[in-house]
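Novice: Given next are the chains, with one letter for each unit.
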Amino acid sequence: MAETGTKAALPEAVRAEIEALRPRYPTTRALLLPALHAAQRAAGGWLPEEILAAVGDYLGLPYSDVMGVVSFYDMFHDKPVGRHRIRVCTNLSCALRGAQEIVAALHDELGVGEGEVTTDGRCSYVHFECLGSCDSAPMMMVDDRYHENLTPEKARAIVRQLK
Amino acid sequence: MPTVTIDGRTVDVPAGTNLIEAGLKVGVQIPHYCYHPRLSVVGQCRMCLVKVEGMPKLQAACATQVMKDGMVVSVDHPEVKALQEGVMEFLLINHPLDCPICDQAGECGLQDYSFKHGQSFSRFDYEDKRTYPEKERIPLGPTVLLNMNRCIQCSRCVRFTHEISKTSEISFFERGAHLEIGTFPGKPLDNELSTCVVDICPVGALTSTQFRFAERVWYLDKKPSLCTGCDVGCNITIEHRRGAIRRYKPRLNEAVNDFWMCDHGRTTFARYAAVPRLAAPRLLRGGELQGVTWKDALDAVVHKLKGRSEGAVAFLGSGFLTTEEGFLLAQLAAAVGSPHRAVSVDGGPARTIPNRQGGITGRDAAPNRRGVELAGMVPGEGGFDADALLLGDAASRCAVLFVADSDFGAAAHDPKVIARLRQARVLVVMGWADSPLAQAADIALPAATHAESEGCFVNVDGRLQRFERAFPAIGEARPGLEVLRDLLARFDPHWQGLGPEEIFARMAAALPALKGLAWRSLPAEGVKLATTGGSPP
Amino acid sequence: MAFEPVLTRNIGNPAVLTVDGYRKAGGYQGLAKALKMQPDEVVEEVKKSGLRGRGGAGFPCGLKWTFLPKGLDKPRYLVCNADESEPGTFKDRLLMERDPHQLIEGCAICCWAVGAHTCYIYIRGEYVEPAAILERAIRDAYESGVLGDSVLGSGFKLDIVVHRGAGAYICGEETGLLESLEGKRGQPRSKPPFPAVVGAFGCPTVINNVETLCNLPHIVERGADWFKSIGTDERNTGPKLYAVSGHVERPGTYELPIGIKFQELLDLCGGMYQGRQLKAFVPGGASAPMLAAKMRDVKLDFDTLAKSGSMLGSAAVIVMDETTCVVRAAARLAKFFAHESCGQCTPCREGTHWAELVLGRIERGEGRESDAELMLRMTKNMSGTTICALSDAAVGPARSVIVNFREDVDQHIRERRCPVPPRRFFGEGN
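Protein chains in written order, with my numbering: chain P, 1 to 163; chain D, 1001 to 1537; chain Y, 2001 to 2430.
Think of the hints as simulated: they come from the structure by calculation, not from any bench. Think of the CB as a built atom: it goes at the ideal place given N, C-alpha and C, for glycine as much as any other residue. Treat the hints with care, as some may be off.
Cut-off 30 Å, straight-line C-alpha distance, at most; resulting in silico cross-link-like pairs (DSBU-like, lysine-lysine) [claimed, not checked]:
| id | chain 1 | residue 1 | chain 2 | residue 2 |
| --- | --- | --- | --- | --- |
| 1 | Y | LYS2033 | D | LYS1057 |
| 2 | D | LYS1135 | P | LYS79 |
| 3 | Y | LYS2070 | D | LYS1081 |
| 4 | Y | LYS2070 | D | LYS1068 |
| 5 | Y | LYS2074 | D | LYS1129 |
| 6 | D | LYS1223 | D | LYS1116 |
| 7 | D | LYS1135 | Y | LYS2048 |
| 8 | P | LYS79 | D | LYS1304 |
| 9 | D | LYS1051 | Y | LYS2157 |
| 10 | D | LYS1166 | Y | LYS2184 |
| 11 | D | LYS1135 | Y | LYS2184 |
| 12 | D | LYS1057 | Y | LYS2157 |
| 13 | D | LYS1187 | Y | LYS2074 |
| 14 | Y | LYS2033 | Y | LYS2047 |
| 15 | Y | LYS2036 | D | LYS1057 |
| 16 | P | LYS154 | Y | LYS2157 |
| 17 | Y | LYS2261 | Y | LYS2184 |
Here's a subset of chain P near chain D, in silico, CB distances under 7 Å, partners left out [unchecked claim]:
| id | residue |
| --- | --- |
| 18 | ASP57 |
| 19 | TYR58 |
| 20 | LEU59 |
| 21 | PRO62 |
| 22 | SER64 |
| 23 | GLY68 |
| 24 | HIS127 |
| 25 | PHE128 |
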C-alpha cells in the first residue's frame, strides 16, 4: 500500500501523539480514530485527502478504508470548515425549547446556511443531533465548548465574539 | 455430522455449515445477496431470513450454523415470505428502473427475486428516489464502471477487494441511505482480478467496460470451456451469439480457479475477431495464393511428406494445441521418422488466481505446453527444438517444416522469424489465424479456434481438463484434431475417421500418465496427472 | 419522597474530582471491599442485586458477566459505553463530569469481578470536556495507586483508557462501539457470537453503561439486599437517574427509586412549563414509543413500560405540551434515525429513509389517506429483522405517533396542513 514518492507526511506533533497512544491498544488499527482527531486538529479542523493518505501510510491502512472511516463520522470533515465550527442541536428536546429560533438567529447573524462557511472563513455552521445537554436546551457547540441555556440574543453575542 | 431439517427435508451436514449451504444440499434455495461462499459473512442484506423453530425472531440463514442435531428450519413459511416481500420492496424503493438500459437485465438478482419473492406492486409511489448525482457512470478503474444509483449496498465488492484480491481499493463511504461504494482518488480499482467484482455484483451497479451494452444476455449461448490466456486453465463459460463471442465468465472449479478469473483472460477471445481468420485451404503457386479444396491441400501435404527429398521434416507445435492435437502431431512425426518435434510457447507475466489451496500461478502465455509435451512433442535424439527453428537456421535444413499453429506466439508475427522459417523448402502452416506466417506458407490449412474445437489442456499443476466445442468453425476451417487425423490416416489407415473419444482412448493407451482415463468419464473438475514429463512416442 | 441520593450524592461537591476529595467523601470503599472478596462473590452479589443495564437494553448486569467463557487463553476487556447519544439523555455526562471517580471505581470493581486488566471508556467525541475531566481523574488515580500495576496495593493490574468517538449514534450499540474502538466504521456485527465471547479485538468483553457501572461501588459497599430494597419489585431494582427535558419548569437529572410514576416525576420537576397542559411524553429516549397524556400515571420501570407499549430505555423523559405538534416531533425523530442508520441492513437503510419522507410529508400537509396504514405496515418489516436494534428504535416514534395520536395524524391529512404550527419559544425582544 505504501508507495514511495513525494507526499504529505503527518506533522511531527501528530506522530508523537499517535506514538504516545500506541501502548494502549493491542492493534495498530485501533489508533485510527485518535490519529484522525489529532491530524484534523493539526490541519485546521478538517482532513484534506493528502492527510488521509498520510494517516493511511503511517498506520499501514488502505486509503479507501481511512476515507471510509472519515466519511462515516459526523465529527470528521473532508471539506474545509471555518476557523470556528458551530453545531446547533435541533433534536427534539432542543426543538421543544426554541432551537429553530436559535438557528434562524444564527443564519441571520452569520449570513450562511446549513453546512456553509462564512466568506471570511471565520465560522462554519451545521445543525447537529442530540449533544447530551437537553436539560439546558437550547444549546450549541462551538469548537470544543458547549454553550447552554441559549436565547437568540445570547447565541448572536457568542458568535460575534468569535474571531 | 449433525442433521438439519429444512422445509421438511432432513440432511446430515458437517458441523458449522450455514443454512444457505445446507439448503442447497436438499434443493431449497434460500434467496440472498450479500452472502457469497468465498467472502466473510456479514448478514446485512436480510434477504436470507428464515424461521428457525424455537427462535422468536427470523434468523439470517447465512449467519446461522448447524451445530447440533434437531434444527428445524422453514423457508416456505408465511412470516418468511412476508419478510422477503418486505425486503424486496425496500430494495426497490430507491432502485432506478434502469432495466431497459442495464447490462444486468436477464441475470439480475433484483429481477429474479422480485419475480420469485417480491410483491407485484410498490407502496413507494409518491416520493422521489434517492440518487447519487453525477455517479451514473463512474470508472472505478480501467475495466469496471459504477452506477451508484443501482447499488444495493450488499458490500460484496468491498469484501472481494479486501479478502480475495487483497488490494482494498473499494470501501464504503458515508452511512445510512447515502451509503455508497467508491475508491480513494488516485487509487482506482486496478488489480489482476478487478473484473470479478462485476461477476459478483448482484445488480447492474458494477458493469464491465468490455461488455457494457455489448449484448442482451438472453441472446447468449453459453458453453463451458477453458481460458487460453495462460496455463492456470481457469474454467470459463464462453458466452456467444451465434459464434460471435461476447464475453468470458469464470466457472466454478474449486481445484483450479475457484470462482475467479483474471482480467487478462477475459480479453483473450477478442483476438479471434481481431486477427483475420484463415477460412479456406490455400496453396502458394507461382507467387500467388490460391484457394483449393481440402482434398487437394491434404494431398499436397502428404505428397511433400512422403516425397523424402534431401532434408529434414520438422514439426513445430504451440501451447495452444490440445493434448490430442499434440499427440497426433507427434504420431505424424513418428510416421515420417522425424525426431524434430518442437514446441514454442511464450512466457507471460506470472498470474495468480486465488483458491482455497493457496492459489495457483501460471507463467506461460498459453494453456497447454504441458499437455503437448506430454503427448510427445519433445525433440528426439538430435531433433530440432523451438530455438533452433525460430532463432537458428534449422529451418534451412528442412525439406518440410510443418507449423501446427499459425499464431503460436509473438514470434509468429516477427518478420525475421518468418524469414527464418521460410527457409524451409516447403512450409506448411495450420492454424486459425491468417497471420503473416500463414501468408508465407506454401500450404495453409485453416483450423478451428479452441472455441470451435474440443480437447484437453493440461495446466501448470498437471491437471487435465476437457472442454467441448461452443460453435462450429467458420468457413472451411476444421478442428486441428481432424486435420491431423486425416493426415495421419494417409500413413496408417487405422486412424481413418476416428472421433475425439477414440483418439483420446488411443492416446491414453499410449501415454502412461493418462493410463485408465476415458474421454466420457473425465471428472468435471479435471484430473491431476501423476507425471507430466514429456517423452517421445 | 425522602430518597437519599446514591449515584448523585457527590454532585455539587467539586472536591470529589480528585482522589483525595473522593476518598474524603467516602469513595473507593467499595473497591477496597471488592478486592478482599473473590471475583465470583462480587459477580454473585451483583446478580442478586437485580441491577439491569442502564444504557437502554435493561439486560441483567450480573448475568451478562457470567457469559464470559472460562479457560480461554485470551485477555478479557471491560468496555464502558459512554457514547450517550440517545436524544433526551444526558445523565452519563453528569456522572462523568461531576463524579468521575465513581465511574472509575465502578470500572475497577467490574474488572476485578470478571478478570479484565484493561478497560476502555468509549466516550462520544462531542463530550470533549467530560473526556478531559475523566483523563485528569484517571491520571490522578494512577498517581494515587488506584490504577496501574497494583490497584490499592492488591497486586491486581488495571489500566483504564479513555477512547473518544467521532460522532455516530450507532456507536452506542455495543458491537458498533466495538467496531469503532477497533478503528473501523461503527457498523454493528451479527450476533452470535456475542461480545462476551468475541468482543474487543476478538477477545471476551463485557460492555456496560456508565450509570450501570456507577452502581457497583454502592452494591458492593451496602449489599445486594439494600439495592433490592429500592424500586418496584424483584425485576426492577435500585436507584435510577431520570433525565427530564422538554416542557417542564425544571429540566434536569433526577435520581429516584426506579419505578416512580411519570406524574410524580413531573411534579418534582416543578410541573409543566408555564403551567401548560401535558399532551405527550417520551418515557425512555427517542427510541421509546411516545405516550399520550392519559398515561401520566404509568410507572417508569422496565417491565411496566414494556407492558404499556413503550420502554424505559435510557430513562430520558421528554415532555411535550399542548403547543407541540406530535407529528412534527415524530418527523424530527425519523430524520434523526435516518441520519444515524449505518446503512448495512436493507430494512433500516431504506425504511428509516422512507419513514423520514412520509412523516415529513404528513407534517407539511402533503399526507395521503393511505399513509398511516403504509407506515404501520412498512414499520412491521423493520422490527426484529435487522442486525441491530436501531431499526426497531426508529419504529418506536414512527409507529407510536400513529397508534397513540391517530387523530393528530388524520387531522394533518384531512386538513392538508399542520394544525399546530411552530410557536415561538422566546418572547418578543429575545
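Novice: Decide, hint by hint, whether the structure agrees.
Specialist: Taking the hints in turn, this is what the structure says about them:
1. LYS2033/Y <-> LYS1057/D: This hinted pair is violated, its Cα atoms lying about 42 Å apart.
2. LYS1135/D <-> LYS79/P: holds, 19 Å
3. LYS2070/Y <-> LYS1081/D: Violated - the C-alpha atoms of LYS1081/D and LYS2070/Y are around 41 Å apart, more than 30 Å.
4. LYS2070/Y <-> LYS1068/D: holds, 21 Å
5. LYS2074/Y <-> LYS1129/D: Roughly 48 Å separates the two Cα atoms, so the pair is violated.
6. LYS1223/D <-> LYS1116/D: Given that 30 Å is the threshold and the Cα spacing comes to 26 Å, the pair holds.
7. LYS1135/D <-> LYS2048/Y: violated, 58 Å
8. LYS79/P <-> LYS1304/D: violated, 78 Å
9. LYS1051/D <-> LYS2157/Y: Violated, at roughly 46 Å.
10. LYS1166/D <-> LYS2184/Y: holds, 17 Å
11. LYS1135/D <-> LYS2184/Y: Holds, at roughly 25 Å.
12. LYS1057/D <-> LYS2157/Y: Not satisfied, since the Cα-Cα distance of roughly 41 Å exceeds 30 Å.
13. LYS1187/D <-> LYS2074/Y: Status violated; Cα separation ~37 Å.
14. LYS2033/Y <-> LYS2047/Y: Holds - the C-alpha atoms of LYS2047/Y and LYS2033/Y are around 17 Å apart, at most 30 Å.
15. LYS2036/Y <-> LYS1057/D: Violated, because 43 Å separates the two Cα atoms, which is more than 30 Å.
16. LYS154/P <-> LYS2157/Y: violated, 49 Å
17. LYS2261/Y <-> LYS2184/Y: Status violated; Cα separation ~42 Å.
18. ASP57: violated, 12 Å
19. TYR58: Violated, about 15 Å.
20. LEU59: Violated, about 13 Å.
21. PRO62: holds, 4 Å
22. SER64: This hint holds: SER64/P lies near chain D, its Cβ roughly 4 Å from the closest one there, short of 7 Å.
23. GLY68: holds, 4 Å
24. HIS127: violated, 16 Å
25. PHE128: Interface hint status for PHE128/P: violated (15 Å vs cutoff 7 Å).
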